[in-house]
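Undergrad: Sequence:
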Amino acid sequence: MRARSHSCRSCRDLRASRHLHASPWTDHHERRSRRPVGSSRFAARSRRPARMSAVRDLRQTDQPVPRRMQRSEGAASAQFRVVDARTRLQRLHQSGCLKLRFPRLPRQQAEAILINSSGGLTGGDRLAQDFTVAAGADLTVTTQACERIYRASGGDTAHVTTRATLEAKARLAWLPQETILFDGGRVRRTLEVEAAPDARFLLCESLILGRELMGESVTAGHFHDRWRVRLGGRLV
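The sequence shown begins at 1496 in the numbering used here and counts up by one.
Note that these hints are calculated values from the structure, not bench results.
Treat the hints with caution; some may be incorrect.
Simulated restraints on C-beta separations [stated by the list, open to error]:
id, residue 1, residue 2, range
1, Gln1589, Leu1726, 24 to 30 Å
2, Gly1728, Asp1678, 37 to 43 Å
3, Gln1604, Thr1714, 39 to 45 Å
All C-beta atoms, glycine included, are put in the ideal place defined by N, C-alpha and C.
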């Protein structure tokens, strides 16, 4: 006996609504099932690359963008004050390739060691360092190794800015290791000191033009060093 299908009005409306709101997934597979025998989806895709090829041709005619070389940037700032008759670090900020280390010493003075993790300076590099020595504090600043100024490309210049502030009866010894200037190196350094009238400080900077024992010599380069020292607000 053949079964009769249920065909009430509500069921017919439900089937009609399902047909009108078919999901994209179902519609996609229905279109694939109606694809003629022997056809390929790659043939359908071959109609689209015209716009892509036009974009590719435009890119080939564009002017090349000049490549910017990677540069090193670093900043370090430290403040020292007297605590229990010893000079101690009060505040520290460091970023980029410039770092500070503080060895433990069996004396009342403090020591700060500057480290340039980039290994040297070349055109376009920038370093900024700032030290504040509070009243009665005693600080010595040096470097881990000699600073190297390598050959600059494109005429760019490396910049190093140092600033020191000394309050009443503060003492500072600025004793970095030598700076080695290689052939073609370019650097511009600035050292500014603001000291109270009764503060004491010792500043020493050494410059070496190439490494003679390595057979190096400097025939061209640029070295600009500017010092500004103010004692009690007056330029010395």
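Undergrad: State for each hint whether it applies.
TA: Results of checking the hints against the structure:
1. Look at Gln1589 against Leu1726: about 29 Å separates their beta carbons, and that is inside 24 to 30 Å.
2. For the pair Gly1728 and Asp1678, the supplied restraint of 37 to 43 Å holds, since their beta-carbon distance comes to about 41 Å.
3. Remark: the range hint 39 to 45 Å for Gln1604 to Thr1714 is upheld by a beta-carbon distance near 42 Å.
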